[in-house]
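Enquirer: Sequence:
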Amino acid sequence: MSMTFPKRLEDVPTYGHFSPQNGNVRYGEDLYVGYKSYHHRNITPLFPFGYGLSYTTFKYGEAKVSAPSSSSDFSVTITVSITNTGSVVGSEAVQVYVSLPKGELSHPQQQLKAFKKVKNLAPGKTEEVQFTLDKYAVSYWDDIVHRWRADKGTYTVRVGRSAAEVESETTFEVDETFEWNGL
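Note that numbering that gives the first Met the number 0 has the sequence shown beginning at 0, numbered continuously upward.
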C-alpha cells in the first residue's frame, strides 16, 4: 500500500477542513500530510504508510551510513542487509526515512526519502541494499531567504518496512549549513 489508512475519520489529517469556507478549502495540515501527521500526532493508524502483507518474514541488519560528501555536491550512502527468515521466496519494500536536526523550525520528524524493492529473495538468503541520498534528502525550502537550506547538525536515518515499522536507526552529521537554488 502507498497510503495510510486511519482507524477513525477523526484521525485523518484533513479532518475538520472538509467543508469550504467562502468557497475556499483550508489546507490546515501544512507539512504534516499523510503518514507525517500520524507520526507527529502520535496516532496509530489502521494500516501505516508502506504497509504490506507477505507470505514470508524478513530480518533487517543494522543500517550503516557513509561519511557525507561536501556540501557543494552533497551525498551520503545508507547500506542495510535484508535476510529472508521465512520458508518461501519473497519480496520486501525497504524504506528510508530521514529526520532533520532539531532546530527553530518545525518539520516532520520522519520523511520518506528513498525506497527499494528486494525482489524474489530465497529463504535464508541475504541481500545488501544501498541507497544514495543527495542534498534533497537533507534540505527544506526556506521562505525567508527563498533558497533551499540544509542545516548543520545530526540527521537521523530510519530504515524499515513501513512508516510505523522501523527496523534500524543510525545518524550522520552535516558539518556546516549550506544553501542552494535551482532544481
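Calculated directly from the structure, the hints in this document are not laboratory data. Don't be surprised by glycine CBs; every beta carbon is placed ideally from N, CA and C. Take these hints with a grain of salt, some might be off.
Computed cross-link-like contacts, DSS-like style, restricted to lysine-lysine with a CA-CA straight-line distance of at most 30 angstroms [to be verified]:
| id | residue 1 | residue 2 |
| --- | --- | --- |
| 1 | LYS124 | LYS101 |
| 2 | LYS134 | LYS112 |
| 3 | LYS134 | LYS63 |
| 4 | LYS6 | LYS58 |
| 5 | LYS115 | LYS58 |
| 6 | LYS58 | LYS118 |
| 7 | LYS6 | LYS63 |
| 8 | LYS151 | LYS118 |
| 9 | LYS112 | LYS151 |
| 10 | LYS118 | LYS101 |
| 11 | LYS101 | LYS151 |
| 12 | LYS124 | LYS134 |
| 13 | LYS6 | LYS116 |
| 14 | LYS112 | LYS58 |
| 15 | LYS134 | LYS118 |
| 16 | LYS151 | LYS124 |
| 17 | LYS63 | LYS115 |
| 18 | LYS115 | LYS134 |
| 19 | LYS151 | LYS63 |
| 20 | LYS101 | LYS63 |
| 21 | LYS134 | LYS6 |
Distance ranges between label pairs, derived from CB positions [stated by the list, open to error]:
| id | residue 1 | residue 2 | range |
| --- | --- | --- | --- |
| 22 | ARG148 | SER53 | 35 to 41 angstroms |
| 23 | GLU127 | ASN180 | 34 to 40 angstroms |
| 24 | GLY181 | SER18 | 35 to 41 angstroms |
| 25 | TYR54 | ASP142 | 46 to 52 angstroms |
| 26 | THR176 | PHE4 | 26 to 32 angstroms |
| 27 | SER90 | SER18 | 21 to 27 angstroms |
| 28 | THR13 | ARG148 | 35 to 41 angstroms |
| 29 | LEU8 | SER69 | 43 to 49 angstroms |
| 30 | LYS151 | ASN180 | 18 to 24 angstroms |
Enquirer: Confirm or reject each hint.
Expert: Checked hints:
1. LYS124 / LYS101: Status violated; Cα separation ~38 angstroms.
2. LYS134 / LYS112: OK: LYS134 and LYS112 at ~11 angstroms, within 30 angstroms.
3. LYS134 / LYS63: Since the Cα atoms of LYS134 and LYS63 sit roughly 19 angstroms apart, the hinted pair holds (cutoff 30 angstroms).
4. LYS6 / LYS58: holds, 28 angstroms
5. LYS115 / LYS58: Cα-Cα ~16 angstroms, so holds.
6. LYS58 / LYS118: holds, 15 angstroms
7. LYS6 / LYS63: Since the Cα atoms of LYS6 and LYS63 sit roughly 35 angstroms apart, the hinted pair is violated (cutoff 30 angstroms).
8. LYS151 / LYS118: violated, 36 angstroms
9. LYS112 / LYS151: At roughly 18 angstroms apart (the allowed maximum being 30 angstroms), LYS151 and LYS112 satisfy the hint.
10. LYS118 / LYS101: The hint is violated at about 36 angstroms.
11. LYS101 / LYS151: holds, 10 angstroms
12. LYS124 / LYS134: At roughly 33 angstroms apart (the allowed maximum being 30 angstroms), LYS134 and LYS124 break the hint.
13. LYS6 / LYS116: Given pair LYS6, LYS116 holds - Cα atoms ~27 angstroms apart, limit 30 angstroms.
14. LYS112 / LYS58: holds, 21 angstroms
15. LYS134 / LYS118: Satisfied, since the Cα-Cα distance of roughly 28 angstroms is no more than 30 angstroms.
16. LYS151 / LYS124: Status violated; Cα separation ~39 angstroms.
17. LYS63 / LYS115: holds, 16 angstroms
18. LYS115 / LYS134: holds, 19 angstroms
19. LYS151 / LYS63: holds, 20 angstroms
20. LYS101 / LYS63: Holds, because 22 angstroms separates the two Cα atoms, which is no more than 30 angstroms.
21. LYS134 / LYS6: violated, 35 angstroms
22. ARG148 / SER53: 35 to 41 angstroms: holds, 39 angstroms
23. GLU127 / ASN180: 34 to 40 angstroms: holds, 36 angstroms
24. GLY181 / SER18: 35 to 41 angstroms: Since the Cβ atoms of GLY181 and SER18 sit about 39 angstroms apart, the hinted range of 35 to 41 angstroms holds.
25. TYR54 / ASP142: 46 to 52 angstroms: Distance hint for TYR54, ASP142 holds at roughly 47 angstroms.
26. THR176 / PHE4: 26 to 32 angstroms: Violated - the Cβ-Cβ distance for THR176 and PHE4, about 38 angstroms, lies outside 26 to 32 angstroms.
27. SER90 / SER18: 21 to 27 angstroms: Hint violated: Cβ distance 42 angstroms, outside 21 to 27 angstroms.
28. THR13 / ARG148: 35 to 41 angstroms: Violated: the Cβ-Cβ distance is about 28 angstroms, outside 35 to 41 angstroms.
29. LEU8 / SER69: 43 to 49 angstroms: holds, 48 angstroms
30. LYS151 / ASN180: 18 to 24 angstroms: holds, 19 angstroms
In this structure, the hints that do not hold are numbers 1, 7, 8, 10, 12, 16, 21, 26, 27, 28, in rising order.
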